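K.L.:
Using our numbering, the first residue of the sequence shown is number 18, and each one after it goes up by one.
One should not assume that every hint holds.
[To be verified] Here are the computed distance ranges between Cβ atoms for each label pair:
| id | residue 1 | residue 2 | range |
| --- | --- | --- | --- |
| 1 | H498 | V777 | 31 to 37 Å |
| 2 | K323 | E1002 | 54 to 60 Å |
| 3 | N393 | R306 | 32 to 38 Å |
| 4 | P618 | S245 | 50 to 56 Å |
| 5 | D686 | F731 | 53 to 59 Å |
| 6 | M339 | E174 | 32 to 38 Å |
| 7 | S636 | L398 | 34 to 40 Å |
| 8 | F122 | D404 | 45 to 51 Å |
| 9 | K338 | N536 | 40 to 46 Å |
| 10 | H498 | R243 | 27 to 33 Å |
| 11 | D304 | P726 | 52 to 58 Å |
| 12 | E103 | G170 | 56 to 62 Å |
Just so you know, these hints were derived from the structure itself, not from any lab.
If you're wondering where the values come from, they're calculated on a predicted model, not measured in any experiment.
Even glycine gets a Cβ: it sits at the ideal position worked out from N, Cα and C.
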Amino acid sequence: MWVNPEEVLLANALWITERANPYFILQRRKGHAGDGGGGGGLAGLLVGTLDVVLDSSARVAPYRILYQTPDSLVYWTIACGGSRKEITEHWEWLEQNLLQTLSIFENENDITTFVRGKIQGIIAEYNKINDVKEDDDTEKFKEAIVKFHRLFGMPEEEKLVNYYSCSYWKGKVPRQGWMYLSINHLCFYSFLMGREAKLVIRWADITQLEKNATLLLPDVIKVNTRSSEHFFSVFLNINETFKLMEQLANIAMRQLLDNEGFEQDRSLPKLKKKSPKKVSALKRDLDARAKSERYRALFRLPKDEKLDGHTDCTLWTPFNKMHILGQMFVSTNYICFTSKEENLCSLIIPLREVTIVEKADSSSVLPSPLSISTKNRMTFLFANLRDRDFLVQRISDFLQQTTSKIYSDKEFAGSYNSSDDEAKEFLKEQAWKIHFAEYGQGICMYRTEKTRDLVLKGVPESMRGELWLLLSGAINEKATHPGYYEDLVEKSMGKYNLATEEIERDLHRSLPEHPAFQNEMGIAALRRVLTAYAFRNPNIGYCQAMNIVTSVLLLYAKEEEAFWLLVALCERMLPDYYNTRVVGALVDQGVFEELARDYVPQLYDCMQDLGVISTISLSWFLTLFLSVMPFESAVVVVDCFFYEGIKVIFQLALAVLDANVDKLLNCKDDGEAMTVLGRYLDSVTNKDSTLPPIPHLHSLLSEDVEPYPEVDIFRLIRTSYEKFGTIRADLIEQMRFKQRLKVIQTLEDTTKRNVVRTIVTETSFTIDELEELYALFKAEHLTSCYWGGSSNALDRHDPSLPYLEQYRIDFEQFKGMFALLFPWACGTHSDVLASRLFQLLDENGDSLINFREFVSGLSAACHGDLTEKLKLLYKMHVLPEPSSDQDEPDSAFEATQYFFEDITPECTHVVGLDSRSKHGADDGFVTVSLKPDRGKRANSQENRNYLRLWTPENKSKSKNAKDLPKLNQGQFIELCKTMYNMFSEDPNEQELYHATAAVTSLLLEIGEVGKLFTPQPAREGGSGGGGPSGNQGVPGGVLFPTKGPGQPYAPEAAAPLPASLAGDGEERSLGGQMEDIKLEDSSPRDHAACSSMLISDDDTKDDSSMSSYSVLSAGSHEEDKLHCEDIGEDTVLVRSGQGPAALPRSSSLDRDWAITFEQFLASLLTEPALVKYFDKPVCMMARITSAKNIRMMGKPLTSASDYEISAMSG
């Protein structure tokens, strides 16, 4: 390809000149084998190794053309190529178009300017013609993308994110090369001294990703999959590499979990600014996404908030008269600040609250100050801003986009009841009011360590709802979505689904001991909030434990506020906790186990033996201790949770274990341990509470046991901070990532085991074979999701479905699997056969098949007995033709082409399936009428009727062959075609070929005899027709070609399928005992095809002689005989000469001709060669291994797990 001219200093270093003229030089890279072969010996190996290690583009483009003026030492690269052919085309163009022109110039500088301008013009023109858009990727990175796609056989849809130089440890030997990280794969390539090594791992297969150090290697990244582990070292920037790997693995886990990733990755935002670094736009976008996630988590902002930028600055804090050093963050709707010193001060200013942004005058004390004023009359002063003018402009732009929604922060009401009982409550309220006066009130208040201390001491009952909204960030979503909740309630009223059923069931179990939920008013509010949320987020819908948490939220907040608190909880603060598989809670259970091992090591082994951690953590975390602690104490935990997040729950859980170490160590079983912990939690009290004591479930059950000493909730929380306060939020996130890999892969393995256990009794496959097949099936499904397919990814994968239906594939993926695994996949007919089988297996007609359906077809074809295999083959052909709406070739049209050319191009379609048709023919098969298509081709009703008929048979495994519909003439032609193609690669194909011809001939006769016993329906206008949907007038004719050694098939004979006469009086007789049968001559539009007929020698009816046939020509002249040619991949009959009289045109099949499955089976049993072929056992494991290897080496790369392409000689 032409490239933008670049200077080259040493033209001949590592390059060999192959052609030259005064201005241009064509060169080949040393070590690259020319067309004559040979790799250039040792020098070539060294050059090849250097190219890989130094990331040279010569690995991809080993040819180049240089431009040089005769008197200059400077060379310019103007073209490069991956093959000699490509570079030669460029060379010839230069010689023909530029050489003559260049000789006219006198000045060498003018020649250089002209050549460079010309090449740049060609590139611009090419980009314009081919609609190549300018993107953000640098030239160096574009080279890496080309290299990545070429080395690993990836399609264009697979986006490369970044690549890094590193060593891969293969055994004890490090291989220096390049790691390529793409959206769906981790790849490695190395070429050292003639030996090439490749590794490709799907992110979705990774079970562990760790960065650790050993004595020999200070920095190693370990990548584990189910079957192997891989080590990478010697990174230039290991932290950046590992962070990106974590992020990509996380996206893959998200895809496995809820399919979000599939859409996300295709709509990543484009950056405006070009980056000079060797980094892809995609990498920059992913970095921006990671920063936005951290920003949202830090300030509890809505999920769609995107960080625009951040800068160092100072904030003037009036409460202590100081300039605090920290960072300002600006996003679309918020300005936030956090101090460098943790917990010193943070600030959230929503732009909807901002009234004025102005630049104040600089001074030595306050350089570059910026003043921001809000609606509640607070002014914030930032200083030491590096690029103040740019920042002010950005904030102004965002302010213009912010719609001014009227929202005022409510004044915090207090209860001024100062009776003795409520003295403590009153003091708390006063403390908060003083705090508000000093630090500001509402969303824009300064959040300091004092704020945290006040929360830990307990929030006043009267202020709890408002403070929860404020601390959780739910206030922002409520303010920016006025009327949203009311609309949602209205929409969800009267709607019923699985979620609403579960909600109804749990309504009366939500805090039943609390008076608020002992009447219909409280229950109705709870119903509305839960139902509204189920409709807002159908991925979660409703999960047990949500009712308990929501009922507590409703006690302190209004209905709409409780709804937004629930949104904050489910979508931000407890991610994935309440989905169908409570993945988030399982992840945090794993994190808790790790923390327990680090912080209470003396207890860890004992707890693991008892299996207690997994039991306790789910109930503690899912309900935030609300279900295990007395109510008045648990709400204090919720206060802290809304301020500090999940770390509070971990700290508290560890403190509870720590307080009970001695008792737990003496426990004999998990029941005893649970009792110890249950009694301890029951004894946690809140002496400050003004609420009447509400009896708790545990305490009700253990009345007779000696009461446990009381534990003060505030002391317990304080202890948890003192002992375990070092747990940081970022540490928890790292541990969550590690556990998420483990949890999701464990769930995937569980799904696989459940699917296999369900299916193993229905098929003849072993458990190992089924597991391998499932892995292949899932890989095919995932690949289609990565790289697109004809159906939507969300249709194909739904984790909420039953196990068997979670992964489904459409026809494109099935076609690939069919070719690799099915024993009948052979030759050009394979795709047609695949579409027939797909149609048969797709029981519900949604154009997707699940694993059970796939295995049922494969099992019948591979491990079924002779009758089962033949029944499957028969059923594949008795279905109506696949709809021609698909991109697939129309099978029936191909069948026509198989016999004759240039049939009248009229499309036909199935008119209907009506057993009570006016003809009165109730013979159980589809009545097909050949009529011009009016655009409605798809008629899946027929398929549904057949599938309904067959489904009970599949389940009962009975051999009710009599229920199968009869095979009509068009379908019979297709069956013959299938059988001929099936044997094309078999060692005994000649013998099988003759046997098939014999069976076909026998079935033709049986069909004709069968007509004699079928009542003849009245003809309408002389034209009848029975055949497959979409059949373009298939004429009577079956090929019986023979094949000599080393020759393509050449039909030795052709026989028409007899049908009613349409204007031609010629008659033939098949045998003495049969009546005369009228034949129809089909005449194509341009060629007159003569009628021919299959006869067999009556005297030689034994099996061996049954396959000799001859062609009888209708005319007596030699030139009128039929000849056969191979045209493309189809065998077509053509006429050698034009007859003087064209035969009458007709394109109808004999609608009365039909055979049954019993007849088909009995006929086939007369041929030992065919019986032996269909009885032949199939080694499934060998086919699966072969499928893996093919997938490993070719496109697309979709092995069942990670795979390594073994070292090959270069």
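K.L.:
None of the hints should be skipped; say for each whether it holds.
P.N.:
Going down the list of hints, with the structure as the test:
{"no.": "1", "hint": "H498 with V777: 31 to 37 Å", "result": "violated, 50 Å"}
{"no.": "2", "hint": "K323 with E1002: 54 to 60 Å", "result": "holds, 57 Å"}
{"no.": "3", "hint": "N393 with R306: 32 to 38 Å", "result": "holds, 33 Å"}
{"no.": "4", "hint": "P618 with S245: 50 to 56 Å", "result": "violated, 31 Å"}
{"no.": "5", "hint": "D686 with F731: 53 to 59 Å", "result": "violated, 33 Å"}
{"no.": "6", "hint": "M339 with E174: 32 to 38 Å", "result": "violated, 54 Å"}
{"no.": "7", "hint": "S636 with L398: 34 to 40 Å", "result": "violated, 48 Å"}
{"no.": "8", "hint": "F122 with D404: 45 to 51 Å", "result": "holds, 49 Å"}
{"no.": "9", "hint": "K338 with N536: 40 to 46 Å", "result": "violated, 53 Å"}
{"no.": "10", "hint": "H498 with R243: 27 to 33 Å", "result": "violated, 44 Å"}
{"no.": "11", "hint": "D304 with P726: 52 to 58 Å", "result": "holds, 53 Å"}
{"no.": "12", "hint": "E103 with G170: 56 to 62 Å", "result": "violated, 19 Å"}
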